[in-house]
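> What follows is the residue order along each chain.
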Amino acid sequence: MATVKDFRNEVRPNWCPGCGDFSVQAAIQRALANTGREPENVAIISGIGCSGRISGYIHSYGVHAIHGRALAVAQGVKLANRDLTVIAAGGDGDGFGIGLNHFMHAVRRNMDITYIVMDNQIYGLTKGQTSPTSAHGFKNKTTPEGNIEHALTPTQVALGAGISFLAQGFSTDINQLTRLIEEAINYKGFALVNVFSPCVTFNKVNTYDWYKQNIVNLDNDPDYDPTNRAAAMAKIVETNGLCTGLIFKEERVAYEDLIPGYKKEPLVHQDITLSRELFAECLKEFA
Amino acid sequence: MLDQLSWKVGGQQGEGIDSTGEIFATALNRHGYFVYGYRHFSSRIKGGHTNYKIRVSTKPRPANADNLDMLIAFDQETIDFNAHELRPGGVIIADEKFNPVAPEGMTVRFFTVPLTKFAEEAGSAIMKNMVALGASACVLGLQPETFESLISDMFLRKGQKVVDSNMAAIRKGFQFMKENGGEIAEFRLKPGDGKQRLFMMGNDAIGLGALAAGARIMPAYPITPASDVMEYLIKKFPKVGGHVIQTEDEIAAITMAIGANYAGVRALTATSGPGLSLMMEAIGLAGMTETPVVIIDTQRGGPSTGMPTKHEQSDMYAVLFGTHGEIPKIVLAPATAEECFYMTIDAFNYAEKYQTPVILITDLALSLAKQTVEPLDYDRITINRGKLATEEQLAAIEPGKLFKRYAFTEDNISPRVFPGQKGGIHHVTGVEHTEVGRPTEDAAIRTKMMNKRLNKVRGEFPNSVSYTGAENPDLLVIGVGSTIGVIDEALERLTAEGKSVAHAHVRVLSPFPTETLQKYVDRAKKVLVVENNATGQLKHLMQFFDIKGEFLSQLKYDGNPYLPSEIYAHCKELI
Ligand SMILES: Cc1ncc(C[n+]2csc(CCOP(=O)(O)OP(=O)(O)O)c2C)c(N)n1
Ligand code: SF4
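Respectively, the protein sequence lines represent chains F and H.
Numbering follows the numbering used here, with no gaps: position 128 of the first sequence is 128.
Here the numbering used here = 1-based position in the second sequence + 1000.
Among these hints, one or two may not hold up.
Derived DSSO-like pairs (lysine-lysine); straight-line CA-CA distance at most 30 Å [to be verified]: (1) H:Lys1353 / F:Lys263; (2) H:Lys1387 / F:Lys263; (3) H:Lys1158 / F:Lys284; (4) H:Lys1526 / H:Lys1499; (5) H:Lys1161 / F:Lys284; (6) H:Lys1422 / F:Lys264; (7) F:Lys249 / F:Lys264; (8) F:Lys284 / H:Lys1236.
Covered stretches of chain H (chain F as the covering partner; in silico rule of three or more C-beta atoms under 8 Å from a C-beta of chain F) [claimed, not checked]: (9) 1199 to 1209; (10) 1233 to 1240; (11) 1261 to 1274; (12) 1378 to 1391; (13) 1408 to 1422; (14) 1425 to 1436.
Just so you know, the hints here were simulated from the structure itself, not pulled from any lab data.
For glycine and all other residues, C-beta sits at the position ideal for the given N, C-alpha and C.
Turn these sequences into a full structure, and let the hints guide you.
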């Protein structure tokens, strides 16, 4: 059985020292090993951004795609081979800026994919512009007078869109994060794990300390019920989106199991020749 | 006796115009005629004039006829809008119900027929189209039974009674015309050869081609005139375990298709101009990552939303030069529905052989016009999945090491693996990369990788240009896509008049068939490039791809396909 080591490769990430994404990478590797996955059965599809580089830092199949489209590529991969563990990953700009449309529809569609967003409330790779999750009033390169737009709260958007598995982590709490990713991978359906992953270079507001002071860890609340959608929404609103832990989970049949005519055997392993009989039947319609 | 004629039915959109034309065309196709049907429709769903023009011929004529022999009118607007197309002595059959007025100053044979009334007598007013078909049959010297097998195929599952009442409606129309001077000797149609052929539009042929090629996933976003491809496959894929997914937009459609191909399943998407524009970045990703993907672009009137239901051939620059940077690209341009089928299969084979995006480009007339197609040959379906890594190759890779997905090879094509295969782990990225897919900015590797990608596709593809006509013509006409039939027809007339003309039709736009075209161009005195766009894209492509010579241009971009007479007249002026 594969161990964490088997998911490591020789590449030294080009992230800045201290970047939150290191822990996310480690948590994914640990979670994959814990769930008993083998590297060749995992495909990590990432977008573009500092965080988007993650697919290159884990020993598994992977695609570093184009900005905002990781989820769309990932869904194509899943349709082709439903036996693969498919993980989509990227930043908040990637997922909730340019890729928000795909996110909403991935939620709606509910394929068995785990989506991990490294949310640093800023655009890192392009050197520090305001992102869709940057707070109102946030002062930065592209908003020198303070952000006049309001922040999008990923967990609220996801829950509002009807997501069936929703978790949020913080990159320093690697044990919780590993557990959340593990559970997301084992969940049969679309699962979002939004991770507060500080950008130490460009975001001088939402620092490790800032998150530590503001985050509410749901693990510490024995009364919290993650199966109650209304309570989950209330908690998100109450904490201004800054709660971590398993926020919501419900059972729902995954997309792949609802496709008419779809087989349990992955498409990639099926014979693709069209039978003479079916071909003849097709021609009849045009006679 | 006629060896060809043109017939049109018109009325309000939503009034069954399509089905009327469809039944007429299919029935005649079954009797061994060559049929071509072109629908005129606008971007309205209900209401608004629509018509279906059908050409029936004893030999292949995949083009609209210059004029009209018969017009079936369900309303006055149909007469006012279309009568000018009628040739002198042409026939109008108009429903008595709307008190039709004959077109002014025209010598036509005008029949007011109680279409609706007879239909009601036969059981229901909706059968007025059947009455009209019976009336048409009488004029053309056909028997009402011409429609019988089709009517029975269409309605038998609703019961014999429904079949009978439809046939009764047809007979009523036939009988009325017989009694009222509708049997016109000069309108007799020569019998068809009785051979069984197919009647299909380009979009259906593409759908069937994809199915036959082993495509099993189609993510797509609806757009005219491409939607029928997905609609066709939505019906078919469940039978083979495949799936059509209606995506949130075209970007999702193509990136999902790329994901599926990466994971080892043949996947395609189909779109038209605006959607193609949205796909451009992803087409670059497929080129850079050497992922096969097939994209169908059914061109329509542009730019922007342009004329969604109108014909044009103006995406050629976009498909060839769209996406930033430089990638290999294969662009196939079938000219007939039959070619749509076979070339869609080619598209998948090329995509996997060369590991590149392949764009199959059609135009609205080819996508939507229905035409007679010779029976498609199952034995001509071949599936070639290209270079795949063997089990031995993969077994030789040490655990933890990466597979050289982008290995430099003699022919610049590297073996593929699919996720899930042990030993095949590698990284795929749109960033410039090494042989194992690691990002790199090393100048030497960059240059080598660019060369590898751009040199994968070399030389001309087989059958990239067809040639008919005089060996050393005074005039060579060059075209692409659906203009094949109109050009052929125009040139046939000129040849009959003793003119020396020839026709070269381009089927592959990338790799551009420079050598072959140059050979033809060199032999001709004059060269005319005929296309449906405003800037002469094909002509400019010929120049761009280094074909030496002087090229004249005939352009049409009013939204309608050419009529044979337009090309004939233009050519005549040149020789
Ligand atoms: C279509 C497109 N537009 C813009 C860019 C430039 N770009 C690259 S990454 C990025 C934002 C990254 O921000 P985020 O997703 O939050 O990731 P981070 O770098 O912060 O991890 C942008 C705008 C691009 N690569 N592609
Ligand atoms: S710029 Fe920010 S997000 Fe990017 S690697 Fe550095 S710390 Fe991480």
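> Each hint should be assessed against the structure and marked as holding or not.
Cross-check of the supplied hints:
1. H:Lys1353 / F:Lys263: holds, 27 Å
2. H:Lys1387 / F:Lys263: Given that 30 Å is the threshold and the Cα spacing comes to 27 Å, the pair holds.
3. H:Lys1158 / F:Lys284: holds, 20 Å
4. H:Lys1526 / H:Lys1499: Within the cut-off at roughly 13 Å; holds.
5. H:Lys1161 / F:Lys284: OK: Lys1161 (chain H) and Lys284 (chain F) at ~24 Å, within 30 Å.
6. H:Lys1422 / F:Lys264: holds, 21 Å
7. F:Lys249 / F:Lys264: holds, 25 Å
8. F:Lys284 / H:Lys1236: Since the Cα atoms of Lys284 (chain F) and Lys1236 (chain H) sit roughly 13 Å apart, the hinted pair holds (cutoff 30 Å).
9. 1199 to 1209: Coverage by chain F holds here, the residue count being 4 at a Cβ distance below 8 Å.
10. 1233 to 1240: holds (count 5)
11. 1261 to 1274: The restraint on the region 1261 to 1274 of chain H holds, since 7 of its residues have a Cβ under 8 Å from chain F and three suffice.
12. 1378 to 1391: Since three or more residues must qualify, the claim that chain F covers the region 1378 to 1391 of chain H holds, with 3 doing so at under 8 Å.
13. 1408 to 1422: Three-residue rule met by the region 1408 to 1422 of chain H, so holds; n is 5.
14. 1425 to 1436: Per the Cβ count (7), the hint holds.
No hint from the list above goes unmet by this structure.
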